[in-house]
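Residue strings, one per chain:
2 protein chains.
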Amino acid sequence: MTQERTKINELAELGEFGLIKRVTAQAKIKNESTLTGVGDDCAVLSFPNKKVVVTTDLLTEGVHFNLVYVPLKHLGYKAVAVNISDICAMNAIPRQITVSLAISSKFTIEAIDELYEGIHLACTRYGVDLIGGDTTTSLTGLTISITAIGEADEADLVYRSGAKPTDILCVTGDLGGAFLGLQLLEREDQLFRQNPTVQPKLSGYDYILGRQLKPEARVDMRDVFKTLGVTPTSMIDISDGLSSEILHLCEESGVGCRLYEERLIFDPQVQKMAEEIGINPLVAALNGGEDYELLFTIPVNQHEKVRNHPDITVIGHMTRKEEGAMLVTTGGIQEIPLTAQGWNSLKK
Amino acid sequence: MTQERTKINELAELGEFGLIKRVTAQAKIKNESTLTGVGDDCAVLSFPNKKVVVTTDLLTEGVHFNLVYVPLKHLGYKAVAVNISDICAMNAIPRQITVSLAISSKFTIEAIDELYEGIHLACTRYGVDLIGGDTTTSLTGLTISITAIGEADEADLVYRSGAKPTDILCVTGDLGGAFLGLQLLEREDQLFRQNPTVQPKLSGYDYILGRQLKPEARVDMRDVFKTLGVTPTSMIDISDGLSSEILHLCEESGVGCRLYEERLIFDPQVQKMAEEIGINPLVAALNGGEDYELLFTIPVNQHEKVRNHPDITVIGHMTRKEEGAMLVTTGGIQEIPLTAQGWNSLKK
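Quick mapping for you: the protein sequence lines, in order, are chains R and C.
The first sequence begins at 1 in the working numbering and counts up by one.
The second sequence begins at 1 in the working numbering and counts up by one.
Wrong hints could be hidden among the right ones.
Pairs involving identical chains hold if they fit within one copy or between any two copies, as the list cannot separate such chains.
Quick list of in silico lysine-lysine cross-link-like pairs, BS3-like style, CA-CA up to 30 Å [unchecked claim]:
hint	residue 1	residue 2
1	LYS201	LYS73
2	LYS226	LYS164
3	LYS164	LYS28
4	LYS164	LYS21
5	LYS28	LYS321
For the record, the hints were derived by calculation from the structure and aren't laboratory data.
Produce the entire structure from the sequences given, and follow the hints as far as they go.
Shown next, in the form of structure tokens:
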């Protein structure tokens with residue numbers, strides 16, 4: 001109890017404004033569009049010749065992350081990356097973020113510093129300015145709310161609604177890793193709880209652990225599209241699983257699709273971990289989520305431009321709406337309707 | 001337990017996307033600067049000839065509000081109003097908001113509808129578009145995170161940093177009401193807990209209750225300044241109490257000030273409630289907060305323009321920094337240094 005009180009007092013002594021100064025001290029403005037950042041009632045921005053894109057995400061302790069095995073620095077980084085990913089899904093350039101935190105009294109200043117270390121690292125990596133936020137106490141767990149702002153020429157913006165019935169369906173990177181990384185962390189956490197002398201067995205799984213703990217937003221793809229001369233007709237980032245995202249593109253574009261199981265490629269660690277826990281890696285890709293890759297469609301006549309790119313896999317094609325959104329199993333044996341698993345956190 | 005489960009299932013059946021559709025159905029776009037709102041990875045905005053201002057606030061249950069006596073509709077309205085108030089403090093026009101919610105499983109769909117009723121009401125009142133957000137579960141209380149976006153001509157923007165040593169210090173409306181409204185609600189809640197047959201005595205206090213439960217942002221002042229031909233040199237909204245806000249203006253502008261106790265006017269309900277709980281209404285104004293009035297400075301030669309305006313009170317003047325930030329007590333008897341009470345929520 002005494003220790004707890006000490007921690008609260010440390011924060012109380014610093015105060016809200018002291019805390020804001022401390023965590024924003026290293027937030028140097030990098031972008032022309034940021035006129036003023038932290039320090040007034042509002043930040044002031046300027047986008048005279050661009051469209052402005054805005055997205056926001058809220059992460060809550062116990063629902064989106066477990067502080068038992070998620071390092072705070074990684075959490076700060078990931079909280080930024082998942083918002084930047086939404087900016088990338090519009091084919092826009094990320095420019096600014098605001099960060100609001102509700103922190104429980106058990107947090108020390110050092111813990112907040114660690115969280116912000118990850119936030120600043122992500123700001124540097126993605127070239128965005130931290131322009132504001134709010135910090136308050138929470139009676140219980142940690143909540144992180146981030147809003148990200150980006151810019152793009154109107155002609156470059158890609159929406160969910162532009163897919164045509166003959167378009168090719170593509171995905172960046174590989175899928176299922178983030179979900180299986182989480183399963184691994186959860187499993188080792190359970191074993192440790194049962195027997196605290198057991199050391200967690202995480203070696204050999206660095207790839208899927210990284211996919212879960214430190215996902216990257218695909219800020220590189222905008223340039224890749226430009227270089228390849230490819231113009232996506234629709235795009236979305238994969239936060240809730242491939243099934244759910246494909247269904248969003250189909251619904252918003254008024255089309256159907258065929259997703260080919262045999263086209264999906266899996267990392268060896270994804271295959272190994274899936275086997276260990278007795279699931280098909282396909283299930284991890286379809287319903288796992290948190291991979292933060294980009295799912296997009298291109299006109300069929302641009303197929304040749306992407307087919308040999310190491311970061312892009314063609315996984316299917318769009319169809320007329322009446323043909324439905326179907327998974328075609330390996331060998332073309334079966335067509336199964338794609339279903340979204342919905343919002344898991346509400347079902348618990 | 002069964003009832004609890006029913007409520008969770010209602011939300012689970014609707015799902016995140018169903019919930020978003022439900023709560024944003026009535027969000028009709030009103031502003032030219034909103035190109036697309038809810039429904040893609042990002043909203044798309046356009047501000048070709050204006051500066052863009054951005055602010056964000058996070059409200060948590062048990063720290064910022066108590067659902068025992070705060071109706072959800074009022075809470076939704078207030079959560080928007082406090083962000084709009086920050087836009088007003090820049091002398092900008094509010095245009096868009098994003099709303100993120102972390103909701104506990106005890107919430108029914110009806111409760112969320114009620115919260116959004118207040119949010120939509122505020123959007124209508126302030127002319128802003130609801131352009132996005134995020135909804136997730138919380139393991140405990142309700143958290144509301146709102147980001148507001150506004151626009152202004154560069155020449156119209158007012159910062160905290162522009163006050164000069166001879167400027168006149170002014171405030172809109174009257175102060176202390178929100179704090180005393182909260183004291184009244186807390187007192188009646190305590191009495192009710194001790195004896196649930198006691199009816200809360202709230203009659204005759206509608207003004208201070210309204211100031212606490214349904215504060216309004218001063219969106220009117222931008223036009224008032226234009227009409228009077230007044231150009232504030234610095235401005236801030238009063239969210240943390242007059243003392244704290246004056247000190248912000250002094251620090252950011254590098255000036256001192258003299259605040260005259262006798263210039264502060266109080267509503268009769270503020271005086272009555274302050275007397276009942278045995279405090280000076282001045283204390284409620286200086287340290288209470290949540291009044292969401294505007295505090296601003298104007299050049300001394302514009303004094304005549306504001307002195308007879310019913311919504312503006314001249315409460316002091318700025319000085320050179322070396323003269324400090326002082327409260328001059330009634331009759332000029334004493335000069336007391338102004339002190340900020342800091343962040344109360346961290347001290348609890």
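So, going through the hints one by one against the coordinates:
no. : hint               : verdict
1   : LYS201 with LYS73  : within (22 Å within a copy, 50 Å between copies)
2   : LYS226 with LYS164 : within (21 Å within a copy, 51 Å between copies)
3   : LYS164 with LYS28  : between (43 Å within a copy, 27 Å between copies)
4   : LYS164 with LYS21  : between (50 Å within a copy, 24 Å between copies)
5   : LYS28 with LYS321  : between (49 Å within a copy, 28 Å between copies)
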